[in-house]
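Protein chains: 2
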Amino acid sequence: MPITGMPEVQPGDVIADLLVAAAIAGGTPVEAGDCVVVTQKIVSKAENRLVPLPVDDLDARRALIESEAVRVLRRRGELLITETRHGFVCANAGIDVSNVDAGVAALLPVDGDRSAKRIRDALRAVHGLEVAVIVTDTFGRAWRRGLTDVAIGVSGLAGVADLRGGTDANGRVLQVTEVAIADEVAGAAELVMGKAESVPVALVRGLDPGWFREASVDELIRPYAEDLFR
Amino acid sequence: MPITGMPEVQPGDVIADLLVAAAIAGGTPVEAGDCVVVTQKIVSKAENRLVPLPVDDLDARRALIESEAVRVLRRRGELLITETRHGFVCANAGIDVSNVDAGVAALLPVDGDRSAKRIRDALRAVHGLEVAVIVTDTFGRAWRRGLTDVAIGVSGLAGVADLRGGTDANGRVLQVTEVAIADEVAGAAELVMGKAESVPVALVRGLDPGWFREASVDELIRPYAEDLFR
Chain A
1 MPITGMPEVQ PGDVIADLLV AAAIAGGTPV EAGDCVVVTQ KIVSKAENRL VPLPVDDLDA
61 RRALIESEAV RVLRRRGELL ITETRHGFVC ANAGIDVSNV DAGVAALLPV DGDRSAKRIR
121 DALRAVHGLE VAVIVTDTFG RAWRRGLTDV AIGVSGLAGV ADLRGGTDAN GRVLQVTEVA
181 IADEVAGAAE LVMGKAESVP VALVRGLDPG WFREASVDEL IRPYAEDLFR
Chain B
1 MPITGMPEVQ PGDVIADLLV AAAIAGGTPV EAGDCVVVTQ KIVSKAENRL VPLPVDDLDA
61 RRALIESEAV RVLRRRGELL ITETRHGFVC ANAGIDVSNV DAGVAALLPV DGDRSAKRIR
121 DALRAVHGLE VAVIVTDTFG RAWRRGLTDV AIGVSGLAGV ADLRGGTDAN GRVLQVTEVA
181 IADEVAGAAE LVMGKAESVP VALVRGLDPG WFREASVDEL IRPYAEDLFR
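These protein sequence lines are chains A and B, in that order. With our numbering as the guide, the letters of the first sequence map in order to residues 1 to 230. With our numbering as the guide, the letters of the second sequence map in order to residues 1 to 230.
Please note that the accuracy of each hint is not assured.
Restraint-style ranges between C-beta atoms, simulated for each label pair [stated by the list, open to error]:
| # | chain 1 | residue 1 | chain 2 | residue 2 | range |
| --- | --- | --- | --- | --- | --- |
| 1 | B | R74 | A | R75 | 20 to 26 Å |
| 2 | A | D208 | B | Y224 | 38 to 44 Å |
| 3 | A | D101 | B | P7 | 54 to 60 Å |
| 4 | B | G26 | A | E130 | 26 to 32 Å |
| 5 | A | E8 | B | N48 | 54 to 60 Å |
| 6 | A | G210 | B | E130 | 32 to 38 Å |
| 7 | A | R71 | B | V70 | 29 to 35 Å |
| 8 | A | D56 | B | Y224 | 27 to 33 Å |
Derived lysine to any residue pairs resembling SDA-like cross-links, with alpha carbons at most 20 Å apart [said to hold, decoys possible]:
| # | chain 1 | residue 1 | chain 2 | residue 2 |
| --- | --- | --- | --- | --- |
| 9 | A | K41 | A | A125 |
| 10 | B | K117 | B | E219 |
| 11 | B | K41 | B | D162 |
| 12 | A | K41 | A | G87 |
| 13 | A | K41 | A | M1 |
| 14 | B | K41 | A | D162 |
| 15 | A | K117 | A | G12 |
| 16 | A | K41 | A | A91 |
| 17 | A | K41 | A | E68 |
| 18 | A | K41 | B | E178 |
| 19 | A | K41 | B | K117 |
| 20 | B | K41 | A | T177 |
| 21 | B | K41 | B | A91 |
| 22 | B | K41 | A | E178 |
| 23 | A | K41 | B | D162 |
| 24 | A | K41 | A | N99 |
| 25 | B | K41 | B | N99 |
| 26 | A | K117 | A | D218 |
What the hints contain is simulated information worked out from the structure, not anything from laboratory work. Using N, Cα and C, we set each Cβ at its ideal position, and we do this for glycine too.
Using the sequences provided together with the hints, build the complete structure.
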């Protein structure tokens, strides 16, 4: 369910308070057991991860991207496929120049898990709501066209979960078991968020209670030693 | 919504008939405007994409994978990251040895779009239901841990759609606009499918009517010329 009617988020705003109020006003109040999905854009604004970036200054843009990246994997024209210090591989170090003021760029949150935890803790402490929180961003993929939303921070929900039993219906041990729950929830949420610029929050209800646990987005980062494409 | 109670699918079975009956029996009948998500496993069985593969015969397994792949991108032990003739990049050419009889392997459908269209056409012609159909499989990703379900065939639903307007809330032209709708729907569906081995079909209801159009999974394949990782 989309949470419509969120105000424009400003540095210092408490996202938990804003989204609870907007959800009530919109007739879909947050409930215990929900997963609250919040886009990077408003998290970066609330955390004042905004830096000046002159419009059309490609040199400044490239320098900012390189300063935010720990590694550039590929480069084509002004597109840089980068690894961020969080371990995410994404275009242009995740720096966002849409939906911010002209001359400003939004950087990724310093620590997406901490951002998610801050929202979750406030929902619990101030509003009495025990939920999970995912912070999402929109990344491209290798090999496949089109962007999808993925988790860049989680609190209270598994990043990766064993969705299947140990054996299949024929008693054979299954070879693949680990599913990227938080990324699938992020993508599901985008399906109700993407149309209007004013929908930076969604609720996903009815997730398996077994997936609610302490977790980190690090579960979703493939370690170098396992990674065949980095 | 998961469609529970599907029977074991056999070669020649008409998936449309089976899923309509199971959905009615389960109290969640298919409705016009739904997107019906069907996993590769039962499509491959219905289309008799089953080949003998002796258990624990690694040489035969490798030969089968290589015969189904057009290219091997990476190789680590018995894991091969392959490109299939459809253009999908996935482990082991998408060959599935779980949930089939011992000594048998299930190959990917020859043409996932045609598989989806066959189900969709039968739902329309026999059951009077105008829906979209996605055939899905479970693939790994570069850089990120955990598998997600993605589309390997679509009929009646966009693979990639422009989710955002041409400009952002500040009037700035948005840089990224193309979202992999069908993959996000596939991932959302897996969230209700993965727990039980007997849930190979799900319904996704409430998708934007604007996304329903003639389409091909080719929209989701990044062309070589654009692909920085192939």
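Tested hints:
1. Take R74/B and R75/A: their Cβ atoms lie about 22 Å apart, and the range 20 to 26 Å holds.
2. Distance hint for D208/A and Y224/B: a CB-CB separation of about 39 Å, consistent with the stated range 38 to 44 Å.
3. Hint check: D101/A to P7/B, Cβ distance near 58 Å, so the stated range 54 to 60 Å holds.
4. The hinted range of 26 to 32 Å is satisfied by G26/B and E130/A, whose Cβ atoms lie roughly 30 Å apart.
5. Between E8/A and N48/B the C-beta distance comes to about 57 Å, which sits within the given range of 54 to 60 Å.
6. Under the hint 32 to 38 Å, the C-beta atoms of G210/A and E130/B, about 36 Å apart, fit the expected range.
7. Under the hint 29 to 35 Å, the C-beta atoms of R71/A and V70/B, about 30 Å apart, fit the expected range.
8. Between D56/A and Y224/B the Cβ separation comes to about 31 Å, which falls inside the hinted range of 27 to 33 Å.
9. Proximity of K41/A to A125/A is assessed by CA-CA distance (about 24 Å); at most 20 Å being required, the pair is judged violated.
10. Note on K117/B and E219/B: the hinted pairing holds, with a Cα-Cα distance of about 16 Å set against a maximum of 20 Å.
11. Pair hint K41/B plus D162/B does not hold up; C-alpha atoms about 30 Å apart against a cutoff of 20 Å.
12. A threshold of 20 Å between alpha carbons decides the hint, and for K41/A with G87/A the separation of about 19 Å falls inside it, so the pair holds.
13. About 19 Å separates the Cα atoms of K41/A and M1/A, which keeps this hinted pair within 20 Å; it holds.
14. Only pairs whose Cα atoms come within 20 Å are accepted, and K41/B paired with D162/A is accepted, the gap being roughly 19 Å.
15. A distance of roughly 16 Å separates the Cα atoms of K117/A and G12/A; the hinted pair therefore holds under the 20 Å criterion.
16. Our distance criterion of 20 Å between C-alpha atoms is met by K41/A and A91/A, whose separation comes to about 15 Å.
17. Our distance criterion of 20 Å between C-alpha atoms is met by K41/A and E68/A, whose separation comes to about 16 Å.
18. Of the supplied pair hints, the one linking K41/A and E178/B holds, its CA atoms being roughly 18 Å apart against a limit of 20 Å.
19. Proposed proximity of K41/A and K117/B is contradicted: the alpha carbons are some 38 Å apart, above 20 Å.
20. Annotation: proposed proximity of K41/B to T177/A holds, straight-line Cα distance about 15 Å (limit 20 Å).
21. The suggested pairing of K41/B with A91/B holds, with an alpha-carbon distance near 15 Å, which does not exceed 20 Å.
22. Simply put, K41/B and E178/A have alpha-carbon atoms about 18 Å apart, close enough for the 20 Å limit, and the pair holds.
23. For a cut-off of 20 Å, the pair hint linking K41/A to D162/B stands: about 19 Å separates their Cα positions.
24. Taking the CA atoms of K41/A and N99/A, the gap is near 8 Å; set against the 20 Å cutoff, the hint holds.
25. Proximity of K41/B to N99/B is assessed by CA-CA distance (about 8 Å); at most 20 Å being required, the pair is judged to hold.
26. With a C-alpha separation of about 14 Å, the suggested pairing of K117/A with D218/A holds against the 20 Å cut-off.
Comparing the model with each numbered hint stated earlier shows that hints 9, 11 and 19 do not hold.
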